[in-house]
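Novice: Chains as they are written, first to last, in numbering that gives the first Met the number 0: chain A, 0 to 309; chain B, 0 to 440; chain C, 0 to 286.
If a hint is listed, it holds; no wrong ones were tucked in.
Simulated crosslink set (DSS-like; lysine-lysine; CA at most 25 Å straight-line):
(1) Lys62/C - Lys56/B
(2) Lys431/B - Lys171/A
(3) Lys198/B - Lys244/B
(4) Lys414/B - Lys171/A
(5) Lys112/C - Lys304/A
(6) Lys33/B - Lys230/C
(7) Lys273/C - Lys117/A
(8) Lys146/C - Lys70/B
(9) Lys56/B - Lys230/C
(10) Lys70/B - Lys140/C
(11) Lys63/B - Lys230/C
(12) Lys68/A - Lys228/B
(13) Lys6/C - Lys117/A
(14) Lys16/A - Lys112/C
(15) Lys16/A - Lys189/C
(16) Lys230/C - Lys70/B
(17) Lys171/A - Lys244/B
(18) Lys277/C - Lys117/A
(19) Lys419/B - Lys82/A
(20) Lys82/A - Lys431/B
(21) Lys33/B - Lys146/C
(22) Lys294/B - Lys62/C
(23) Lys171/A - Lys419/B
(24) Lys82/A - Lys414/B
(25) Lys11/C - Lys117/A
(26) Lys431/B - Lys68/A
Stretch by stretch, here's where chain C covers chain A in the computed footprint (C-beta under 8 Å, at least three residues):
(27) 97 to 107
(28) 111 to 120
(29) 249 to 257
Label-pair distances were calculated between CB atoms; the ranges are:
(30) Ala121/C - Ala15/A: 19 to 25 Å
(31) Thr53/C - Gly227/B: 54 to 60 Å
(32) Gln119/A - Asn192/C: 34 to 40 Å
Hint data in this document are derived by calculation from the structure and do not stem from the laboratory.
Only a predicted model underlies this, so the values are computations on that prediction, with no experimental measurement involved.
Every residue gets a Cβ at the ideal spot worked out from N, C-alpha and C, and that includes glycine.
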Amino acid sequence: MDKTLKSSERKSISYAKWGYIFIIPFFIVYAIFTLYPQILTIYNSFFEYYRDGLNIIGPNFVGLGNYVKLFTPNLSGYIPIVKYTINTVILWFMGAVPQFIIAMLLALFFTSTRLNIKGQQFFKTVIYMPNLIMASAFSMLFFAMFSMVGPVNQIILSSGWADQPIDFLAMKITVRSLIALMNFLMWFGNTTILLMAGIQGIDESLFESARLDGSSSTQVFFHITMPLLMPIFIYVFITSMIGGIQMFDVPQVLTNGIGTPNNTSMTLIMYLNTFLGISKNYGMAGAVSVLLFIITAILSIFVFKTIRKK
Amino acid sequence: MKKLLSAILAVLMIVSLAACTKPVEPDKPAEEGKVFNLWTWNDEFWGFLVKYYADEKVDDFTVKKGDVTIKRTTYVSDNMAYQDALDAALLAQSTAAADDKVDMFLAEADYIIKYTNSDVTADVKAMGVTDFSNTYQYTVQAASDANGVVKGVSFQCCPSALIYRRSIAKAVLGTDDPTEVQSKLDSWAKFDAVAADAKAAGYYMIATPMDTYRVFSNNVSSAWVEGGKLNFDARISEWMDHAEKYVAEGYAANASGVWDAEKTNEMFATGKSMCFFGPAWYFNFCMGNAQDPEKGCFGDWAICKGPEAHFWGGTWMLAASGTDNPTMVADIMNTFINNADVCEKLVRNEAQFSNNQIINNKLAADTSYGNDFLGGQNDVTVFAELAKDIRFEHITPYDQGCNEGLQKYFQEFLKGEVTKDTAIANFKDYIKTAYPSVTVE
Amino acid sequence: MKKDLNKSAGIKLFISRVVVYGILIFLSFLCLFFFYLMFVNASRSNAQLQAGFTLIPGGNALKNFVNAWHDTNISIPIGMKNSFIVASLSAILTSYFSALTAYGTYVYDFRFKKVIHLFILAIMMIPSQVSAVGFIQLAFKYHLTNKLWMLIIPSIAAPSVYFYMRQYLEATLPLEMVEAARIDGSNEFKIFNQIVLPIMKPAIAVQMIFSFVGSWNNYFMPALLLNDIQKKTVPVMIATLRSADFTKFDMGKVYMLMVMAILPVMVIYVILSKSIIKGVTSGSVKG
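The following block holds chain A by itself, in its conformation from the complex (with noise of 0.2 Å):
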């Protein structure tokens, strides 16, 4: 035993500079390219640091000076982050319920035998599709297809629905709920094949006793799939909102980078956009990504947790 213990860690002591090779050039390009920004950003945080014109004012050290700027209420009566912490959620939000409705309703067609669907993947690529589809292209064809002068509103003025066309890229709510619908598009099908493989794990004879013993679907939805179901569901669903937190192109691109209509569609990183702008507010900016940090920071610790108990 001794002897054998031994002549493995001879051997390992032998291999272990290959493990060291095998991920230096990993961690070296990690370094460079995420580490040292992300510390760069986080130091920039604390200094004023911007471009006025031609002329760099600063750095100079402002403590914590930009994040109080940040949590002061602007000329319209807001503050700001709060307003589009809040408005990323919320666009997230209106896209994830149906999202997570329709995938788990989805999941459940697919994975029933007695539904036994036919054509599952056919209808899987077609709906995972949009997953692939370039987000920025997407939100611009969503653009040219519901402005005023559009597809949608000619089909609405010919079809006599309305005889003014709707000017769907001004209002609040529809601004909102085409962004949400697009995200929809974008992630129901991936979501659907995700809670699929969610299901397709759960022990077959589960279900089999289930139905032995005379369970409805309803029951055995919520008695053993859920239950079985949830550790995934939580995972996919953080890591949604996630996801959520960073969006960026689909409304940058619809509303042009200004969030209209009355700034109800400026996301977070949109915000943030703004500040790398003609300004180049480093400093400004470092705060903004500080917080998202923090944000996705405690949001990984649920994701963290949901992985262990897998």
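Using the hints provided, position chains B and C relative to the given structure of chain A.
Specialist: Same frame as chain A, but now just chains B and C:
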């Protein structure tokens, strides 16, 4: 092999030594760069350069002139992306390799002052652009710094006219003759009165109030930023009232943006809007729908001065400090302001209004010259008259953000989504974010 | 009685099947409709588009294509070339180096192995936007904007791809195989490249596809980093279509540009949809 290598090295060393020890000849100009970098935000001027200056086109981004390769670097203008990138390049100019240095860049009226009032641009008189007698005075003033040092020139002069649909003018005013139309629209009071008539006749006076924005904003008597503080000139407030009224009364077809499809669709034959505003470049680039062979209304247009003389836009070529091609910078500038042949071609072939008064006046007086798009009207005559009244004043480096921002946020009010106060507050908050150094109250 | 029950159960099943197929067809329609309309509109002239809506393609596709291809303000051919370079090189680098890193922490025993594995898992969820400010600042400082490799090289360190590869290795690679190869006298690099990589082929293929699609569609970072028209990638160009400018009045051309942005990925998807969908499940760590 080794021998050959050492022989080559030896020869190289001798040559380079000889080059070093050669006495400097002061009167002979230094060798200039072989790569000329031009920065633009679209391909408008580039097209002219290819046609009227370059010897040979290599691809969409490169041409040859003599043994110099002219390269274009292009960034979109929207959301200030062009300024943003240009600033970075100019700030890095001193450390860039000679062939990467910016030699010449284009700038718009909205932000030209940011560059002319800075060391990043250079005196063009020293490079050999000395004759400005043919150009319009305001174009020289716009390209000069506070001390009167000229940093560039413009290849165009941009008086902006009222562009109207002849057929609609006939229906509303009973005439489409430019002189008579002008007499009925030469003040805002008259313009408003006609707007009511147009509405009664089933037409719109304008497509969108964003179109009249420049008429007001380029006739201001104070700047966007005064003493470091955001300032609303009386004319800007006047435009806001005008815009509000035109949308509320139904004098404007909609409240779309200047470049939106919603507005440009009004230029089709089916459009119901009578008046648009724009300089000579507007026909070329912005009225594509009016020129559409199937649905357009080519020839159904004419221009007149309208309520107020004003300018819109304009592109200046500025000389970048540190250029290694000063001779070519001067040569290009001289070509586009003083070469009579090129200037005339700009007017005749490109529907530009050139920055050469002699050529413009010659064509203005030429009764055989006419623009088919305008039903044969001689537009140069109108522009030559308008150019006399252009005021290029109260300019700040923040104008692009202020002008674009105000239109974007005020649009939300015009569309009925927010109150006027909220729209203005949103605009102010936008300026605060875009320009941290500007005080906003 | 029993027969009746069977019959009513049969009717119930029939009805629920009708409902389910109805829902599936509706959702599929929703997914396809907008894209179909995009293709139709890309084949119509600006004047036709203005005149009204139709589901029948027009005859202007070629003309729109030529106009879109030759628009020197957008320069889509250059964008497609740039996107292709970035996406394919990123795909190769990210899958190779992630596999290498995963192999490194899986096969070898070294002191910080556990810590390193946990560290990579921990950083997996940090959004890339958090490093954007510093990244952009450095790019400007060292004149590295408009350099495509700035978008390619960082893909070497992709925590989620690492995680996927690591799981795949755990499931498929017996350590004895590595031992056996060592006895045969192969060196460690050779073992990885000639024995392990072929085993990982399916995983690498899946990750290459996802990575290719991901960087083909990526917008946030390229938009901040690339402004030069000759260095832009497709999404950045597509986004400029939205912004105010006078070159966009021809909507036929605009639709055609969108088709050109989306089509390459659609073609890849149609060919490889089966393995892509399989990959979604096994790579369940993607956000």
